[in-house]
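**Student:** Spelled out from the first residue to the last, the chains are:
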Amino acid sequence: TEMTVRDAINSALDEELARDDKVYVLGEEVGEYQGAYKITRGLLQKYGPDRVKDTPITEAGFTGIAVGSAFAGLKPVCEFMTWNFALQALDQIINSAAKTLYMSAGQINCPIVFRGPNGAAAGVAAQHSQCFAAWYSSVPGLKVLAPYDSEDARGLMKAAIRDPDPVIFLENEILYGQAFPVTPEVLDKDFVLPIGKAKVMREGKHVTLVSFSKMVGYCLKAASALARDGVECEVINLRSIKPLDKDCLVASLKKTHKMVVVEEGWPQSGVGSEIAALMQELAFDELDAPVLRVTGAEVPMPYAANLEAAALPQVDDIVKAVKSIA
Amino acid sequence: TEMTVRDAINSALDEELARDDKVYVLGEEVGEYQGAYKITRGLLQKYGPDRVKDTPITEAGFTGIAVGSAFAGLKPVCEFMTWNFALQALDQIINSAAKTLYMSAGQINCPIVFRGPNGAAAGVAAQHSQCFAAWYSSVPGLKVLAPYDSEDARGLMKAAIRDPDPVIFLENEILYGQAFPVTPEVLDKDFVLPIGKAKVMREGKHVTLVSFSKMVGYCLKAASALARDGVECEVINLRSIKPLDKDCLVASLKKTHKMVVVEEGWPQSGVGSEIAALMQELAFDELDAPVLRVTGAEVPMPYAANLEAAALPQVDDIVKAVKSIA
Amino acid sequence: APGTIKVEVMPYKMHRLDAPSNVVETSVEELKTFYHTMYRMRRMEIAADMMYKAKFIRGFCHLYDGQEAVLTGIEAAITKKDSIITSYRDHCQHISRGGSIFSLMAELMGKAEGATRGLGGSMHIYNKKGHFYGGNGIVGAQIPLGAGIALAHKYRGEPNVCITMYGDGAANQGQKYEALNMAGLWNLPCIFVCENNHYGMGTAEWRAAKSPLYYTRGDYIPGIKVDGMDVLAVKNAVAFAKAYALANGPIVMEMDTYRYHGHSMSDPGSTYRTRDEINAMRTERDPIERVKKLLLANGVDAAELKKIDKEVKAEVDGAVEAAKAGTIPPDHWLWKNMYMAPLGAEVRGVLPGVYKSPDFDPEYKN
Amino acid sequence: APGTIKVEVMPYKMHRLDAPSNVVETSVEELKTFYHTMYRMRRMEIAADMMYKAKFIRGFCHLYDGQEAVLTGIEAAITKKDSIITSYRDHCQHISRGGSIFSLMAELMGKAEGATRGLGGSMHIYNKKGHFYGGNGIVGAQIPLGAGIALAHKYRGEPNVCITMYGDGAANQGQKYEALNMAGLWNLPCIFVCENNHYGMGTAEWRAAKSPLYYTRGDYIPGIKVDGMDVLAVKNAVAFAKAYALANGPIVMEMDTYRYHGHSMSDPGSTYRTRDEINAMRTERDPIERVKKLLLANGVDAAELKKIDKEVKAEVDGAVEAAKAGTIPPDHWLWKNMYMAPLGAEVRGVLPGVYKSPDFDPEYKN
Ligand SMILES: Cc1ncc(C[n+]2csc(CCOP(=O)(O)OP(=O)(O)O)c2C)c(N)n1
Ligand SMILES: Cc1ncc(C[n+]2csc(CCOP(=O)(O)OP(=O)(O)O)c2C)c(N)n1
Ligand SMILES: [Mg+2]
Ligand SMILES: [Mg+2]
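Residue numbers (the working numbering), protein chains in the order written: chain A, 1 to 326; chain B, 1 to 326; chain C, 1 to 366; chain D, 1 to 366.
Hints were generated in silico from the structure; no laboratory data involved.
Keep in mind that a hint or two might mislead.
To be verified - Computed far set for chain C versus chain A, every beta-carbon distance over 10 angstroms:
(1) P2
(2) D18
(3) H36
(4) A77
(5) A243
(6) R282
(7) R285
(8) A297
(9) K306
(10) E315
(11) N366
Unchecked claim - Restraint ranges, calculated between C-beta atoms of paired labels, are given here:
(12) B:Q314 to D:P342: 22 to 32 angstroms
(13) B:D21 to D:W206: 24 to 34 angstroms
(14) B:D188 to D:S270: 36 to 46 angstroms
Even glycine gets a Cβ: it sits at the ideal position worked out from N, Cα and C.
Bound-form chain A, shown alone (with noise of 0.2 angstroms):
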């Protein structure tokens, strides 16, 4: 069967909301409207309104209430319209849900998921394009999930809910409406994935294409093309991005010894960056060839079309990117 990640992620929330009352929905129109892009549906209905709350368009206090609520026991899944918006509410993420059971020497724990669209919808512009990976999985605190198809969308959900700490969820406009094939397994209420842990798509020996998100659909495009050619690359989905799953990656590069990365976001101490690092200081001899970065264009995106595509990476730089090493 397939299934869309808009579903897997609708029926991740109502059946953790089924399986925990502590666990409550809270957010601008994810209520009566059903979610400025559906991925409440239903959840009102069935719920009601104590957990499934509207909420008004002040994110910061609606963050700092969630937190609070979470701090006193709850756990709230915090929805943001799109990521954009959460900058009004930086400061609460950061420094009341990453920090407290640090400072409060383990005291008050944080249960909470942080939800929304990341980075470039379609033709949206420069205010609604942001790409947040690479800030929040540099906080220590917080886990930063990014989701790709459906059995991510449903394992990651689940494990992020239950999660006692607070995580960051990214997912993707574009990818909502996108369907992907499901096992019983990913169907089942109990179906969880590990947070910090990486999976490879694809296997490959030529060359590592590592990304997260949408990207991970441009990648295994990249691979199939070069696969023509002869390029066999291996295709990592990162799911976790913080934590890294460093052994996966290290272990692909041992076996490749050339690894391009992809993301969307800006190039400048972006996820890319980090790994470029990781990876020649935990693998310098393994290293045949620089890794690459392939990465939104370093400017605000522009709302024409034919910029926008040229502002982010297209299957054919991936290629590209890898034809320059392989």
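Put chains B, C and D with the ligands on the given structure of chain A with help from the hints.
**Tutor:** Just chains B, C and D with the ligands, lined up with the frame of chain A:
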């Protein structure tokens, strides 16, 4: 003669206020209190309350007001008592200040300086000790400067205020009281350093040490210690974190073939990650060893003095890192 | 004066202030201008809707139809040296500040001839020369920005205000309260205009605000509530507010208005409100119909208005076709106007090894 | 009841509410407890001041002396199942929620025996079991957090409130207004307690707030202004507020109080206010003196109070010495309690190649 970093910033502000009446200063306690760290001492008395404005403790609001006034042609210097508090104003810095020139197709520029102490002071614990260099330097549209000594502080502050674009100016509380020698040239009213250029603080041929802000002093100390053992370090003071002075870094690497980057911030996707990624990308064959990163430990900052010291790079750590590859 | 028409508008509701008169003076000439202005806005937005559905426009697209009287009344009371800033619902400010329908349409279609050259899109229209500061995609962020623009006016001793527009949803944002406080402390000539169209996306005002009395929400800042479907009520109130703001500092205006379309294009706009409600608004309070009736009652010929309608339709149709025929911005525009000062360094492209020198070129000459 | 003493306190100022009676019942026993509690707080803060000056304490250190009646009155009106959250000025909450002076002093000195094991420091004291949620270093951030704690009480159907304390400076923060709105919409049992000590750092209230009438600043949320230097006035008002909050939702309390010390240790506290002002507060409104006078007037012997003083001094001195003799936290504590769930991965140390596995160990057993 000698001058403290505090006096260097203060005199630069003073002279730029005198030079251009569109320049004004705002922030919490910058006026009557003379600055929480006395950086704005005397300015209210000299320039009056319209040009040295005390604000309430409302970072989002006064940052937005400052940015709006810059759109409309003023040149605000916006003080954050520390950069930690700018988390409440980050949306205005990123989505308003950094992106508007681009979104407006070049119509509306934003000549503003955001300044204040960044990173760890002494004993101020987890919520007051974060380094934001990597985050801001990832954002196109921003320029990010970090002075080390009084020469840097004067020359970069003047450059920042005269620049027509938004500049993030990362100071260090512990350096404020430190005195450095300054030449008459540095004291000139028009002493302006170029944005985007690093400075070689000490030449050497064995290993390149790269850092910014307070860590430059530590690198210089480590270099002296290592010189006694016959290891000659080249010490680079980045001064500008966005843009990075790639040419200076690569030139040094071509000489030493080894590099250690030192920063107080967290490791993942830090400034060091970017430099390591860049170096292996731009000069793969020049590297005789991995670019090593010495960074703040991946923990929220603890309070106790010994733990705090263990969480931050010490001169000894730098020496150790160099020795591991020298 | 001869030709003066006196119209009684709905009495203003006041907060910490005495009400201005609700008898407003106008003239046939002025009313014709209002009719023309508002009808142009209306047709333009309807065209945008069609072009969106025909897939010539992508991303978000927030339409202003229904709310035309607010902006039109504001412009009638201020000068082009007064500043305006608003949210993403910004197409009509482009027009009212002197931009063409063509350049708006071209922008929506991502064309090089667009108001922001295809770089900004629907939510990011600006006109610096016309003192229009945009277009802001982040709910509430324009509020302190507007206070800052007002600060600049005051700093330079200019006799101007900044009109800072935001929605009923945005009215709950904390930064609004921070901005109000500073505007009050510093007596900034800022007019905070809450366009209460009764919904923030799918959320009715009372579900988002414990107190939906927006004109009182400045608390210690005075306020006035205005029938935002009546351009004369708005004109008169804004003239009053401008005088007040220049003399005393900030004031809050609540404009009672309505958006006919959904929030943005993906919202049908009919799940959280009834068709009856929408229809009642259109038939009973439509701002254009109101002016039309006044014109007819004051001796203007229906044929004359039809002529205006026809001209406007032709203008809009022409603009749409011209925009369709516009040029795709060249790819190297990607690298322009990130910085005003030469960066003296390169920025990275998508691929490693691809570095570009960003340049400042607001004329897009190269 | 026999032994009941009736005291008239300063009448409350009210906003959108009728005032409770300003005649408060108490007893010699209760007054003695208040005296003891407040005197302990006072001596502890004075000791912290001395230890800071003697360089046993580093970083920030915000003292509560002068404000003791606020917290003491609050605690007298609520139970230990009600929650409290406050700012960085949090030493006394540690005490009022059952912590020892020793563990507070040990924390300030960065010792392993400290309230937060040397990890948190002055601004980050917590007591989860005592429903004390800290200690927050970011001005205003505790306000929505407090509303969230109240939400949890309500969600679980508990008959408890969250006391959310913040300063007059913090009262201008936007997130306060966002939290008030949601607390109002959702009827959260949250008592917003503004401790108005008239200065936020060096800024007098009227320089930071266009309207320094903090009890009215909730606008549509009711408020009450209380003499925060009078523990009986506070007790009575908080009891009233708790009943109100449980029945109706949020309420704002303004406590008119004063901090004797500077803002933190680097602030002498005398450049932005006069010595006369400080002296007048100490001689005319001191909260401990007020209770002392009441006790003496009600037949308690001065010698008995002297005895309390002596005991408290001895307790504080002992705690200080014990804290000095405390242990430095072992370096490997750096890696504890970053996450509750096993991370299944390592975190990086300062040096490359140094990786550590963070563990959850709130007892610090290992
Ligand atoms: C900070 C932020 N949060 C959420 C959004 C998504 N969003 C865009 S418009 C909108 C509704 C705003 O309603 P209102 O202020 O009433 O303005 P209107 O659209 O009615 O003109 C929302 C929730 C956003 N753009 N920015
Ligand atoms: C967001 C933020 N901005 C600035 C600061 C620095 N700061 C710490 S306390 C303080 C003054 C707060 O005054 P008030 O709220 O009146 O509380 P009080 O100290 O008087 O108890 C300031 C400006 C901070 N910690 N957080
Ligand atoms: Mg609205
Ligand atoms: Mg105060």
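**Student:** Does each hint hold? Answer for all of them.
**Tutor:** Against the structure, the hints come out as follows:
no.	hint	verdict
1	P2	holds, 49 angstroms
2	D18	holds, 32 angstroms
3	H36	holds, 30 angstroms
4	A77	holds, 29 angstroms
5	A243	holds, 32 angstroms
6	R282	holds, 23 angstroms
7	R285	holds, 25 angstroms
8	A297	holds, 41 angstroms
9	K306	holds, 37 angstroms
10	E315	holds, 24 angstroms
11	N366	holds, 16 angstroms
12	B:Q314 to D:P342: 22 to 32 angstroms	holds, 29 angstroms
13	B:D21 to D:W206: 24 to 34 angstroms	holds, 28 angstroms
14	B:D188 to D:S270: 36 to 46 angstroms	holds, 38 angstroms
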